[in-house]
Amino acid sequence: MNDLVRAFAYAAARQGELVEALQRHLLLVAVALGIGILVCVPLGIVTSRSRVAAVTFINSFNALRVIPSLAILFLALPYFGPSQTSATIALTILALPPILINTDTAFRKIDPAIREAALGMGMPQREILRRIEFPLALPIIITGIRTAAVEVIASATLAAFIGAGGLGIYITRGFALYDTAILLVGAIPVALLAIVAELGMGSLQHALQPPRS
Amino acid sequence: MKAIRFEQVSKRFPGAPRPAVDGVSLHVEAGEFVVLLGPSGCGKTTLLKMVNRLYEPSEGRIFIDDTEIRQLKVTTLRQQIGYVIQQIGLFPHMTVAQNIAVVPRMRGWKRDRIAARIDELLTLIELDPAEYRGRYPAQLSGGQQQRVGLARALAADPGVVLMDEPFSAIDAITRASLRDELLRLQRKVRKTILFVTHDVEEALRLADKLAVLRAGRVVQYDPPFHVLTRPADDFVRDLVGAQDMVRHLSLLRVEGAMIGLAGGAGPNGGPTVGRHDDLRHALSLLLRTGAPALTVMEGGLAVGRLTIAGIGGAARGRVEA
Ligand SMILES: Nc1ncnc2c1ncn2[C@@H]1O[C@H](COP(=O)(O)OP(=O)(O)O)[C@@H](O)[C@H]1O
Ligand SMILES: [Mg+2]
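Residue numbers (numbering that gives the first Met the number 0), protein chains in the order written: chain A, 0 to 212; chain B, 0 to 320.
Just so you know, the hints here were simulated from the structure itself, not pulled from any lab data.
Glycine residues also receive a C-beta, built at the ideal position from the N, C-alpha and C atoms.
Accuracy of the hints is not assured; some may be wrong.
Unchecked claim - A partial selection of chain B residues facing chain A, derived with a Cβ cut-off under 8 Å:
| hint | residue |
| --- | --- |
| 1 | Asn51 |
| 2 | Leu53 |
| 3 | Thr74 |
| 4 | Thr75 |
| 5 | Arg77 |
| 6 | Ile84 |
| 7 | Gln86 |
| 8 | Ile87 |
| 9 | Phe90 |
| 10 | Tyr135 |
| 11 | Gln138 |
Could you build the full structure based on these sequences and the hints that come with them?
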């Protein structure tokens with residue numbers, strides 16, 4: 000309790016720094032997720048239609064994920080230096096697999112009869128994708144984005160280790176000074192962000208789910 | 000409604016030892032209800048799917064009226080053909096109304112025309128538009144879903160409707176009522192229908208003409224009572240089980256056995272049957288009333304006479320005068 004009060008006081012005294020750290024954090028998350036979505040949704044559509052592509056991409060993305068994010072950060076350092084770029088690369092790699100796998104699954108799960116009906120009534124392929132397949136796949140894709148978002152929000156704290164900012168700065172600082180209160184200034188907003196992402200995407204997914212009965 | 004003509008159509012799938020469809024020539028008249036009947040794997044679906052070009056023939060040509068189907072853009076062709084499949088394939092994220100509206104929308108119909116058409120079709124399939132328009136497929140029973148599937152296929156008033164075992168996945172009682180409903184619809188809207196089934200009773204009940212397929216070939220193409228009573232070979236005889244007369248009477252319609260009356264007259268007071276009733280019902284009515292003949296009615300007018308000899312003749316494959 001005492002720590003909480005002190006954390007609040009610490010944050011209040013550095014509002015400007017906290018807001019900037021939050022903004023940096025959100026930017027890192029948004030860019031990593033944005034790239035993840037732009038790459039993996041189209042790629043997932045491709046892999047859902049080709050066994051070879053599916054095996055290749057899903058396995059290699061999963062293999063990448065096995066490398067700890069911290070290791071990726073340090074691996075990226077020699078090429079991009081201690082920068083947001085390095086942090087973004089590490090976070091993007093984390094975001095890729097859940098979005099890819101869910102997109103792939105979502106398109107595979109579409110009942111072939113639905114495609115046959117659409118094709119048989121003369122709907123052009125482009126429109127089948129846009130009006131039928133994509134809306135049906137969307138709830139599962141969003142579940143993947145949700146998983147990625149929660150992981151990336153938590154992992155973005157690692158960016159502070161290489162000086163790329165974000166809410167992680169309070170965690171590294173708290174560690175360095177052996178001060179739990181400072182650590183909480185970073186940890187509590189991160190936890191709240193993760194919860195907001197989880198709940199927000201969850202309800203979005205729910206809203207997009209076609210009624211079952 | 001439009002005629003369909005198959006000319007020496009064959010389909011060979013890559014790697015298959017023999018063609019799935021083998022030199023089929025078939026002429027389906029405009030407005031005719033033709034059933035493709037045969038055991039599983041005999042090529043019914045393949046033949047059907049060549050009409051809307053989900054499959055392309057390896058050889059031969061298919062015409063709708065006088066147009067070779069390959070002369071049309073494939074999406075244009077398909078938009079002019081209704082397609083109903085066993086798995087129904089309604090779009091789960093669209094309401095009943097949106098499902099029905101798909102083809103009219105693609106064809107650029109105006110909003111009010113589409114809305115009016117949706118209500119007209121829902122009324123036709125006996126689903127209250129106000130209640131069902133806004134429902135999602137998951138909120139309908141299997142039978143209701145397939146009726147919506149049928150409405151969706153009829154939406155843009157296609158000249159041809161293809162149906163691939165549309166009732167096979169539906170429970171027996173609902174299936175029977177769907178068949179009756181389809182016949183009632185067909186009397187109302189008159190489409191050229193190609194209907195695939197492996198169910199003999201269904202085929203006999205629905206068909207104006209029956210195309211019996213075996214290993215990719217049409218072995219007989221005749222009206223149902225003709226197929227029943229004069230099967231082209233042992234294969235057809237075994238398939239339709241031609242010895243079981245009484246059962247078959249219940250599948251044959253009065254119109255196939257009656258003697259037509261020119262002009263049409265009022266009822267004459269004796270027992271009557273409907274033109275589309277089955278022969279078993281007609282026979283039991285004849286036996287019960289002891290009347291020499293039944294007057295066949297349609298729309299309040301006498302259109303024919305049916306005698307025991309006529310029924311027997313139909314059962315044996317002759318319509319006696
Ligand atoms: N897409 C396909 N690829 C390869 N073979 C097929 C394909 N579709 C059907 N066949 C084969 O063609 C034959 C006829 O199949 P089908 O037309 O589906 O029969 P039916 O509808 O009468 O049950 C079968 O031997 C089947 O295995
Ligand atoms: Mg079939």
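Verification of the supplied hints:
With a cut of 8 Å, the hint placing Asn51 of chain B at the interface with chain A holds, because the nearest CB-to-CB distance is about 6 Å. A hinted interface residue such as Leu53 of chain B counts as satisfied when its beta carbon comes closer than 8 Å to some beta carbon of chain A; here the least separation is about 6 Å, so the hint holds. Because the closest C-beta pair between Thr74 of chain B and chain A is about 4 Å apart, less than 8 Å, the hint holds. For Thr75 of chain B, the shortest C-beta to C-beta distance to chain A is roughly 7 Å, which falls under 8 Å, so the interface hint holds.
Taken as an interface hint, Arg77 of chain B checks out: its beta carbon lies about 3 Å from the nearest beta carbon of chain A, inside 8 Å. With its C-beta approaching chain A no nearer than about 6 Å, Ile84 of chain B sits inside the 8 Å limit, and its interface hint holds. Taken as an interface hint, Gln86 of chain B checks out: its beta carbon lies about 3 Å from the nearest beta carbon of chain A, inside 8 Å. The interface hint given for Ile87 of chain B holds, since its Cβ lies 7 Å from the closest Cβ of chain A, which is under the 8 Å cut-off.
Because the smallest distance between the Cβ of Phe90 of chain B and any Cβ of chain A comes to about 6 Å, under 8 Å, the interface hint for this residue holds. This hint holds: Tyr135 of chain B has a C-beta 4 Å from the nearest C-beta of chain A, less than the 8 Å allowed. Here the hint on Gln138 of chain B is kept, as its CB sits about 6 Å from the closest CB of chain A, short of 8 Å.
Comparing the model with each earlier hint shows no violations; every hint is respected.
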